[in-house]
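> Protein chains in written order, with the UniProt record's numbering: chain A, 1 to 402; chain B, 1 to 402.
Treat the hints with caution; some may be incorrect.
Identical chains blur together in the list; that is why a pair holds if it fits in one copy or across any two.
Simulated pairs of lysine-lysine, DSBU-like, Cα-Cα distance not exceeding 30 Å [as the list claims (entries may be wrong)]:
no.	residue 1	residue 2
1	K281	K23
2	K307	K207
3	K286	K262
4	K262	K48
5	K398	K197
6	K69	K23
7	K363	K286
8	K361	K48
9	K69	K361
10	K23	K307
11	K286	K398
12	K398	K299
13	K398	K335
14	K13	K361
15	K398	K23
Since the hints were derived computationally from the structure, they do not count as laboratory data.
There are 2 protein chains.
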Amino acid sequence: MKYSYIDHLYCPKCENTYSHEEKNNLCECGSPLLVNYDLDDLKNNLKKEDLIGRAPTLWRYHELLPVTKEENVVSLGEGMTPLLHMPVLEKEYDVTTVWMKDEGLLPTGSFKARGSAVGVSKAKEVGIKEIAMPTNGNAGAAWALYATRAGMKSHIIMPIDAPLITRKEVYISGADLHLVDGVISDAGKIVGQSAHKHGWFEASTLKEPYRIEGKKTMGLEICEQLNWEVPDVILYPTGGGVGIIGIFKALKELMALGWIEKGKLPKLVAVQAEECAPIVKAFQEKKAASDFWPDSKTKAFGINVPKALGDFLVLEAIYETEGYAIAISDEDLLKEQQLVAQKEGAFICPEGAATFAAVRKLKEQGWLKSEDRVLCLNTGMGIKYPETVQEEAPILPKDATI
Amino acid sequence: MKYSYIDHLYCPKCENTYSHEEKNNLCECGSPLLVNYDLDDLKNNLKKEDLIGRAPTLWRYHELLPVTKEENVVSLGEGMTPLLHMPVLEKEYDVTTVWMKDEGLLPTGSFKARGSAVGVSKAKEVGIKEIAMPTNGNAGAAWALYATRAGMKSHIIMPIDAPLITRKEVYISGADLHLVDGVISDAGKIVGQSAHKHGWFEASTLKEPYRIEGKKTMGLEICEQLNWEVPDVILYPTGGGVGIIGIFKALKELMALGWIEKGKLPKLVAVQAEECAPIVKAFQEKKAASDFWPDSKTKAFGINVPKALGDFLVLEAIYETEGYAIAISDEDLLKEQQLVAQKEGAFICPEGAATFAAVRKLKEQGWLKSEDRVLCLNTGMGIKYPETVQEEAPILPKDATI
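So here's chain A without its partners, still in its complex pose (with noise of 0.2 Å):
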């Protein structure tokens, strides 16, 4: 029984193929390169039952991430967030089911642990030493930290602006920290020729093929978790994109290996900042691709991503899925952050609260069915980014009664 039933890479656009067993960046034609699974293989060596009794992390599904050896896996314990039932906002968007899946309650607070857990491992199975990558904050957190564990080097280049937390990560991590007076394109230039000029490996989003894989699992999660059933929507906070592009390869994968039934995929939904729609207004024009974002800018810093490598994959994931794309306003999400730990008494990040936000105006549009049995993606803790919450409170002196 192999570890993984990896077989090779391809690329979705030119159809090239490459062996994991080398280091991979970007196809030749420029396209991120996906990995394939020898499917037909796993089906006849494992059944669904044989997961029960596995340890709750998102290695339990080995035979589908890309590592070839255990001994290569480089964990925090990763893996089986909690699948939350939302019963009071069920009641306040008038929808069947309001799930989410709390991503917060990963090593680093976010679901980029995911990424980077899977795609450390394998750089460190290909014999990678050094990574570098540009960031808004959380991935560089958590591929720091993991690569320390690793015992690999990272180069980590952040906006200034970059939520404050996410760059005490990196700095406590041991890593090579460098903040960047721009965005993050900027930041990723920078990371380009550092890394063309000392042999560093690119880890940048989609620019290795792995991070995707660890991303698949937030899909493989919800299918076991639900019993090999499927949610009707799932809302996802769209940035790069991995995450809804991970989560329709594991149902892709998961329906050929027979665990859940076929033709019954869940809409995809992605869910943008007013300020960074490139996706939503591809969406609107029903393009393959998305353009540039100008001057983008939104509280949800997670998804202030104005033009993604794999916008094209996100789209089609949408599309094949009949899902849809939506946008919403800061101070909408804000509004709904407040509202999701009012109600369910859950500290939520602002891309998360979006989604919550997408959930109630879909309904109120209509698209979006009283029956409707919905997943929202909470991608990290509120407590990553303090300054979206203004508390108040009264100071009382020691000998006070309220």
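With chain A fixed as given, assemble chain B onto it according to the hints.
For chain B alone, kept in the frame of chain A given last:
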């Protein structure tokens, strides 16, 4: 098959008993109350193998928890936190095995979620609508958010110097938050008077009997995760000491059930801060209870507890397991926090870091042996205390190359 095997409450000091179907705080004699289960009955009805396949939350142990009806469970998905191997630190400290149980991966980012999940659930079961408590931060955040999840009102009083992020957590939950220009004992007095005046239920540490039961699940999980073996030593950052009391109770219950070997208790070590070390002082003087520690202070805010209500139970756990009590300076615990991040990629909290510093010190002193298998409890995420990390990073212009 019963959901819970709870039988009654009892006083460990005067042996008075109470019904778990009523609201209870302290015993008439002033001691905290403990929960008794019908373990003989449970032994006949549950095998440890029956746990396999249950969801990875602390509710997998529902037979050993006080909530009698599943519908009263208030959950944000808490439990089954990672038990990580720390291979680099093993060499650093020269001991055979170092594990870390990472309690940061819980709702609200700290181990306080365990006590509040179980405490709030049982409060709901006995009909409590409104709770009040003093807090140094993390407990208040957890109880406020879980109370909201339960549809309960909470009144939280915290010192003005408590960590800012925890204040924001309480605020966003919709709780009634007050700050006091004083320390936790001042907050406690205000809570006592105000709760009495308004008829609120006092949920202060050990003033209600169920927080221990939640914390007990740390001990249950450690044993299950180690395949029903126990470590040689467990180190726990000790403020109120509920965790160490809970772990000790878990071990005794598992022995009574025959799930772990009789007579092989791990040594329990209470780790405190040098400037707030009442348990350490009592241990050195071989006393059964501690004295109030005046002018206590430490950057590990969560263990700034000058006199714990359950001090005699903490000391009993240490004495009965042939454990130890040790104090760490703030300088040493902050240094160790950095080291754990830089060696293992885990950004832990200062309280958790104190346990690693304690391993180093106890090995140097010879109390720990090279062959010992030790387990450190990290009680929360490092990101909840961003002020403990002073980061520095060069700022680059947009067109730079490193």
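> Now tell me if each hint is right for this structure.
For each hint, the structure was consulted:
1. For a Cα distance limit of 30 Å, the shortest separation of K281 from K23 qualifies neither inside one copy, at 35 Å, nor across copies, at 57 Å.
2. When the C-alpha separation of K307 and K207 is checked against a cutoff of 30 Å, the pair qualifies only within one copy, where the shortest distance is 14 Å, while the shortest distance between copies is 55 Å.
3. With identical chains, the CA atoms of K286 and K262 are at most 30 Å apart within one copy only, with a shortest distance of 26 Å there and 68 Å across copies.
4. Only within a single protomer do K262 and K48 lie at most 30 Å apart by alpha-carbon distance; the minimum there is 16 Å, versus 37 Å between protomers.
5. For a Cα distance limit of 30 Å, the shortest separation of K398 from K197 across copies, 17 Å, qualifies, whereas the shortest one inside one copy, 61 Å, does not.
6. Taking the closest pair of Cα atoms, K69 and K23 come within 30 Å of each other only inside a single copy of the chain (16 Å); across copies the shortest separation is 54 Å, beyond that limit.
7. With identical chains, the CA atoms of K363 and K286 are at most 30 Å apart within one copy only, with a shortest distance of 22 Å there and 66 Å across copies.
8. Taking the closest pair of Cα atoms, K361 and K48 never come within 30 Å of each other, the shortest separation being 36 Å inside a single copy and 47 Å across copies.
9. Taking CA atoms no more than 30 Å apart as the test, K69 paired with K361 passes in neither setting, with 46 Å inside one copy and 36 Å between copies.
10. Proximity of K23 and K307 under a CA criterion of 30 Å is satisfied intra-copy only: 25 Å inside one chain copy versus 57 Å between copies.
11. For the homomeric pair K286 and K398, neither the shortest alpha-carbon distance inside one copy (63 Å) nor that between copies (34 Å) is at most 30 Å.
12. In this assembly of identical chains, the alpha carbons of K398 and K299 lie at most 30 Å apart only when taken from different copies (22 Å versus 38 Å within one copy).
13. Within a single copy, K398 and K335 get their C-alpha atoms no closer than 34 Å, and across copies no closer than 34 Å, so neither meets the 30 Å cut-off.
14. When the C-alpha separation of K13 and K361 is checked against a cutoff of 30 Å, the pair qualifies neither within a copy, at 34 Å, nor between copies, at 58 Å.
15. For the homomeric pair K398 and K23, the shortest alpha-carbon distance between copies (28 Å) is at most 30 Å, but the shortest distance inside one copy (63 Å) is not.
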